[in-house]
Every structure is written in structure tokens, then in C-alpha cells.
Amino acid sequence: MNVEDIVKGIEKGNKRALARAITYVENEYPEGKEIMKKIYHRTGNAHVIGITGFPGVGKSTTVSKLIQKFREKGKKVGVVAVDPGSPFTGGALLGDRLRMEGYDVSKNLWVDPGVFFRSMSSRGKAGGLAAKTGDVTRLLDAFGFDVIIVETVGAGQSEVDIVEVADTTIVVMMPEMGDEIQINKAGILEIGDIYVVNKADLGGAEKTVKWLKSMIMMDQEAVEILSKTSHADEVRVESGEIFERMKKGKDWIPPVVVTVADKGEGIGELVSSIEGHFEYLKNTGKLMERRVRRLSREVFDLIMDEIRQILAGNDRIDFRNHIERVVKGEIDPHSTAEDIVEELLRLGCR
Amino acid sequence: MDRKIRVLVAKVGLDGHDRGAKVVARFLRDAGFEVIYTGLHRTPEEVAMAAVQEDVDVVGISLHSGAHLTLVPKVMKYIEEFGGDLNELVVIVGGIVPADDIDKLKEMGVDEVFIPGTPIEKIIDYIKAKVPEKKRTGEKV
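If you read the sequences in order, they're chains A and B.
If you're matching positions, the first sequence starts at 1 in the UniProt record's numbering and goes up one per residue.
If you're matching positions, the second sequence starts at 1 in the UniProt record's numbering and goes up one per residue.
The hints are simulated quantities; they were obtained by calculation from the structure and are not laboratory data.
Hints are supplied without guarantee of correctness; some may be wrong.
With beta-carbon atoms standing in for the labels, derived distance ranges [claimed, not checked]:
#1 B:L40 - A:Q157: 31 to 37 Å
#2 B:G117 - A:E101: 31 to 37 Å
#3 A:K37 - B:I120: 39 to 45 Å
Cross-link-like lysine-lysine pairs, in silico, BS3-like; alpha carbons within 27 Å at most [as the list claims (entries may be wrong)]:
#4 B:K4 - A:K125
#5 A:K8 - B:K4
#6 B:K4 - A:K15
#7 A:K282 - A:K75
#8 B:K135 - A:K12
#9 B:K106 - B:K128
#10 B:K134 - B:K77
#11 B:K135 - A:K8
#12 A:K75 - A:K8
#13 B:K77 - B:K135
#14 A:K37 - B:K135
#15 A:K75 - A:K12
#16 B:K22 - B:K128
#17 B:K106 - B:K134
#18 A:K38 - A:K76
#19 B:K77 - A:K76
#20 A:K15 - B:K134
#21 B:K134 - A:K33
#22 B:K77 - A:K8
Just so we're clear, the structure is a prediction, and the values are computed from it rather than from any experiment.
Just so it is clear, CB atoms sit at the ideal spot from N, CA and C, and this is done for glycine as well.
With the hints as constraints, model all of the structure from the sequences given.
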């Protein structure tokens, strides 16, 4: 399939064209870049939801239940699930798809025409995503999915790249995951727009909810609402109260949703929170703000890539000679870098 | 970046034995492939749709139930129905397959059949040789 076939295929809703486009983008073929340029005008409509959290907390199960709920609402759902690749062999066992159980024989999500599921290896990239996850969500967006769910690598404490891709970030935890100091660390525990305490049937959920709420309370004015209660089973009521405040234009206060994902408990509340957050982003202009921030960074990174390529392919700048002078101690690395940039600008780059 | 070979390891039908499939998946992972494992009890439609959406190079179907002559052609039929191209996909069957049926499967378009006792290197070498041979138009592997 060539670029034209693929772009037309995506416009016509051909899943194989979409699948092949992802392959091209993922492998950084020149065709991938061409496809991305040609489909960009079709993007910007989907709600991109990121799901992150430590390994084993139930991210995939939560995703499969979310797909079900969104499908019941008639939304088309694209899913990108990222799993780690081996740092030694580059191989990967991508195991998220197998957790996507069919929920209804007639609407089995493996073959549901309104669902597209793609597994990605992180291919050695740190941060919880693969290098091209952002472009892949954009392809799904262009294809016409209403909701795109990105499931990160089972993340440690600093895999926070998801915020560069998602409109709404969900951090999934489970009971008894640590003490208050864990909750107050930076990194994954400060990026959530929504927090989920899954596997609540294991017991100890109340304590985790309490800790999460104390973290959220620290810098929110919702103290008086949130401090009223610490019982997990009352959180749902609180979420409702919080939404009322949202509607009045207050800041977003990340709700803590309690779930037992494999039994489907709490998933309805989670979907309400997700939809509430998207409404909030749109109504307050924060969606635009977030996208400006993300695209600024993306374009900046692309500029740096271009410069890197120009430098690598520019035979008028004798890079080797510059470095040799640094090695001999004739000049320092900072001054050399400045000289090279000046030379590059003077030469007009290409 | 080098293109990674993507392999779907699938269990189809009522067969509940996946120790072999999991071991093969693990070894393929260690050989540097990206392996997508489907889990047990998939229907032919599910496996075919996964193969198309994941854009894999190899579909490996593991069967111990004796239903290979029924289920494997169904998977292949659905792959084509969902827009996949069997000319560029390598289809492998593994598991308990009587000698007489190996030729029948190959006549149906299966590229290779690996029975229990096959050294894992043989499967890895086969995939590494066969994928570029069936490579997609205009692609470098």
C-alpha cells in the first residue's frame, strides 16, 4: 500500500489502511511522515484518555470495561496499549489485548467494527509510552474515533509522558500501595485528572482513598467538601458535588473513583468523571491551553530533530574538526557549540 | 529504526492447552520479535481481526484439539475478509497435527507446520528467513 492508498483508506474507514499507517509511523519510514502530514487536518476531534499506573493495578481490565461503557453510549473507540520492550533483545510480549474480553457475543470488542485495538512496544523508550504513540493517537483521531484510550507501560514513579498525549489522565492505584510519603512524591502521583482506586474489594481501599484525597486537598480549595468524609463508599456522592462545583467554573478537583474493574463496579462513575473532565476542559478553554502547550513542545522537538538531521547531513560544517579542537584543548565544548550554530545560520542551513 | 518482526501467537477454539504457545511466545520475544498473544478460546474471527489490526508479519496458530483442518482455514478466510493479504502474511501452525494433515494444511495455504519437539531455533530461523521473502511491496525488512 502506498501513501495515497493509505490516506484514502483512512478517510474511507478501512482498518487495514489504518493498521499499515501505524506500522509505517512506528517504524519511522518516510511514508509515515507523509501520511501524518496528509491526515493532520482530520484530527482534533477525539477525546484522548490516558491510563497509567503501577504494574498489576488493573489498567487493562479497566480499559476493557471503559470500552464497553463507551460502546454502550454509541462512541467509537480506538485503543493504543503500550507494553515494555526488552532492553537486551528488543523483543516484546504484548499482552494487553488478551485482557480485552468479549463482553457480549454480538458486540465482542475483538471484532466490534466500532473498536480498533493496537499493541505497541515501548522499544526501549523511557516515559511509559513508545516514541510514536502520539502520532498513532493522531491517526486514530483522523480515522474518526470519538474516544482514544492510551494505556501506558505499567509505570513506575516517573513515567509521566502520558500527559503529553492525553487530554484526560487517569492514574490507577490499588489499596495498600504505600505510605503518605509515596502519595506526596512528585511524578506519576501528581499528573492525574482522575484517580482510581481499583481492586477495592481487597480491603484497605478507604485508607488509600484518604491518602489520595489528602494529596489532592493540599493545593485545592475543596478542603471543606473533601474533609467531610473519608469513607470509600461515600466518594461517589462527593464526585457528584465536585461536578456541581466544576459547572460553576471552579478549578478541576481530581475526583477519586473507587472501582472493582473485573466486576464492572464503579466504571459508570469513572466514565462520568471522564466525560465531566472533558466538558470542563472544553468549557473553560483549558483544552485549547493544553493542546497549545503540547503542540509547542512537539513542534519544538521536531525542530530539534530537523536541526540534528541538517547537522548530520551538512558536509560544509566540519564537525569532526571542531571536535578535534575540543579534544586538543584548543577550545571548550560550549564555545564550539555556539560557533557551530553561528556557522549553520550563516550558511543558510540547506 | 529497524523494523521489528511482529508475530501473533493465537489459540483458537475450545482447546485449553496454552503452555506450548506461551513458551513459544516467550522464546520469540527473546529472539527480538514483538509478540502479541491472544489468550485462550479465541474464535477464528477474533484472531483474524487481531492479525489485521496489529498488522503482524506472522500469524502463529497453536492447536491441540484436533480441529486444525476446520479452524485454520476459517482464520485465513476471515483474514482476507477483513482486508488482510495472505500473500504477505506468514501463516504457521503449531501443536498436535497428524503427519497426514500437514500436507493438507499446506495445500490450504499454511506456510509451515511445527509439531511438538521442534527446536525453537528452527521456528525462529524460519520466521527470520520467511518474512523478508514474503515482504510487502516497497518495504525493506
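Inset, instruction - For the pair we were handed, K4 of chain B and K125 of chain A, check the Cα-Cα distance against 27 Å. - result: Between K4 of chain B and K125 of chain A the Cα gap is close to 15 Å, so the pair holds against 27 Å.
Inset, instruction - Quickly compare the C-alpha distance for K37 of chain A and K135 of chain B to 27 Å and report which way the hint goes. - result: Distance ~26 Å between K37 of chain A and K135 of chain B Cα, so the pair holds.
Legend entry - Distance restraint between K15 of chain A and K134 of chain B, which requires alpha-carbon spacing of 27 Å or less: Holds, at about 21 Å.
Legend entry - Pair hint K106 of chain B and K134 of chain B, alpha-carbon separation not exceeding 27 Å: Distance of about 16 Å is within 27 Å: holds.
Inset, instruction - Starting from K38 of chain A, check that the Cα of K76 of chain A is at most 27 Å away, please. - result: 22 Å, holds
Legend entry - Hint consistency between K4 of chain B and K15 of chain A [alpha-carbon to alpha-carbon, up to 27 Å]: Since the Cα atoms of K4 of chain B and K15 of chain A sit roughly 21 Å apart, the hinted pair holds (cutoff 27 Å).
Inset, instruction - Quickly compare the C-alpha distance for K282 of chain A and K75 of chain A to 27 Å and report which way the hint goes. - result: Measuring from Cα to Cα gives roughly 18 Å; hence the hint holds.
Inset, instruction - Decide if the proposed pair is consistent with the structure: K77 of chain B and K76 of chain A, CA atoms, cutoff 27 Å inclusive. - result: 26 Å, holds
Inset, instruction - Starting from K134 of chain B, check that the Cα of K33 of chain A is at most 27 Å away, please. - result: Distance of about 25 Å is within 27 Å: holds.
Inset, instruction - Assess, step by step, whether the Cα of K75 of chain A is no farther than 27 Å from the Cα of K12 of chain A, and give holds or violated. - result: 18 Å, holds
Inset, instruction - Would you check the hint for K77 of chain B and K135 of chain B, treating anything up to 27 Å between C-alpha atoms as holding? - result: Roughly 21 Å separates the two Cα atoms, so the pair holds.
Legend entry - Distance restraint between K135 of chain B and K8 of chain A, which requires alpha-carbon spacing of 27 Å or less: 23 Å, holds
Violated hints are absent here; each numbered hint is respected by the structure.
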